[in-house]
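**Q** Using the sequences and the accompanying hints, generate a full structural model.
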Amino acid sequence: MNHNYTELGLVNTKEMFAQAMQGKYAVPAYNFNNMEQLQAIVTGCAQSGSPVILQVSGSARKYADPIFLPYMVQGAVAMARDIGSSIPIALHLDHGSSFEQAKDCIDSGFSSVMIDGSHHSFEENIKVTAEVVEYAHTFDVTVEGELGVLAGVEDEVSSEVSHYTRPEEVEEFVEKTGVDSLAISIGTSHGAHKFKLAPGELPPPLRFDILEEIEKRLPGFPIVLHGASSVTPKHVDMINEFGGNLESAVGIPVDQLRRAAGSAVCKINIDSDGRLAMTAVIRKVFAQSPAEFDPRKYLGPARDELITLIKEKNENVLGSAGKF
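Take the sequence shown: its position 264, counting from 1, is numbered 402 in this note's numbering, and each next residue is one higher.
Everything labelled a hint here was simulated from the structure, so no lab data went into it. Every residue gets a Cβ at the ideal spot worked out from N, C-alpha and C, and that includes glycine. One thing to keep in mind: the hints can contain errors.
Below, in silico cross-link-like pairs of lysine to aspartate or glutamate (EDC-like), each with a Cα-Cα straight-line distance of 20 Å or less [said to hold, decoys possible]:
hint, residue 1, residue 2
1, K461, E450
2, K241, E262
3, K200, D242
4, K241, E272
5, K162, E450
6, K422, E174
7, K241, E145
8, K422, D442
9, K314, D278
10, K314, E261
11, K354, E309
12, K449, E174
13, K162, D393
14, K372, E385
15, K461, D220
16, K200, E174
17, K314, E269
18, K162, D347
19, K265, E313
20, K162, E453
21, K152, D278
22, K449, D393
23, K314, E262
24, K354, E310
25, K152, E353
26, K162, E353
27, K265, E306
28, K422, E379
29, K200, D245
Simulated DEER-style distance windows between Cβ atoms [stated by the list, open to error]:
hint, residue 1, residue 2, range
30, H258, A429, 49 to 55 Å
31, G460, P357, 23 to 29 Å
32, Y209, Y302, 38 to 44 Å
33, N454, S197, 29 to 35 Å
34, P357, E430, 50 to 56 Å
35, F346, N454, 16 to 22 Å
36, P371, D220, 31 to 37 Å
37, D393, G460, 16 to 22 Å
**A** See the structure below:
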C-alpha cells in the first residue's frame with residue numbers, strides 16, 4: 139500500500155539539517171527492528187526535545203514487515219504527540235542497495251532514503267545515486283549518498299577494510315547526483331568490534347583533517363557519520379557478566395563524536411549501542427530470573443534502558459536535546 143510520508147506525520151531531513159548546522163549539533167539517526175526499540179527511540183527523543191531520524195536497513199524493514207512498518211511509525215509519531223512533543227520525525231532507509239528498494243520505500247511512506255553506491259566505481263556510484271535522487275525529489279523525499287567505505291559488519295553492510303573518502307571527489311559527486319547529504323568515511327566503523335586493539339591501546343582518532351577539507355569544498359553541506367556507536371562499556375560488561383561473549387568490543391570515543399557534532403556533521407548514525415543496551419538488560423533478567431518467560435518482563439526493562447541511553451546520547455553526545 140502506498141503512502142505519502144506527510145500522511146504518517148513525518149518530515150524529510152532538509153530543515154532538520156539546516157537547523158542542526160546552524161545550531162552546531164547533530165540529529166540522531168537511531169536504527170530499530172521492533173516495536174520496543176521504536177517506542178524507546180521516540181520516547182527518549184520526545185522527552186529530551188530532540189529531532190530524530192528513525193532508521194531501518196533493508197533487512198530490518200523485511201523483519202518488521204514492509205506493509206506493517208509505516209503503521210508502526212505512524213503510531214510512534216502519535217505517541218510522541220501524546221507525550222506533548224512536537225519534535226520533527228523522519229523515516230529513513232539505511233544503506234539502500236538498489237533503485238528498486240529505494241523506490242519501494244519512498245512509495246510506502248519513507249521521507250528519506252540512502253542509496254549506498256560506495257562499493258561501485260565512482261562513475262557507477264554517481265549514476266545509481268542520481269537515479270534515486272531524480273525519483274525521490276519528485277515526492278520531496280531527501281536522499282543521502284555515500285563516498286568512501288566503512289569497515290565492519292552490521293546487517294547487510296560488510297567490509298574488511300575501510301577506504302577513506304577522497305575530498306577531491308566530493309564536489310563532482312554532489313553536483314552530478316543532486317544528493318541532499320553525504321555520508322563519508324573518516325575512521326568510524328560498523329558493528330560492536332570497530333577496532334582490533336592491543337590491551338591498553340586507544341582507538342585511532344577520527345580523520346578530522348579529511349572532514350575539514352570536505353567542509354571547505356562543500357561549505358554548508360550536510361555531512362553524515364555512519365558506524366558511530368560508542369559501544370558503551372557498561373553494557374558490554376553487563377553482557378559478558380551474564381553469559382555473553384563480547385571480547386574486545388570497542389567503539390568511537392564520545393569526545394570525538396561531540397567534536398564531529400559541532401562541525402558540518404549534522405546526522406550521526408547509532409545502531410550497535412541500542413542493541414547492546416537492550417541485550418544487556420535481557421541477559422540480566424534471564425540470569426537473575428531463569429523462570430521468567432513473560433516477554434513484557436524482559437522487553438519492558440530493556441526498553442527502559444534504551445530510553446535512558448537515547449536521552450543521554452541526545453544530551454551529552456549529539457547536542458540535540460532541548461532543540462524542540
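**Q** Going through the numbered hints above, which ones does this structure break? Give me the numbers in ascending order.
**A** none
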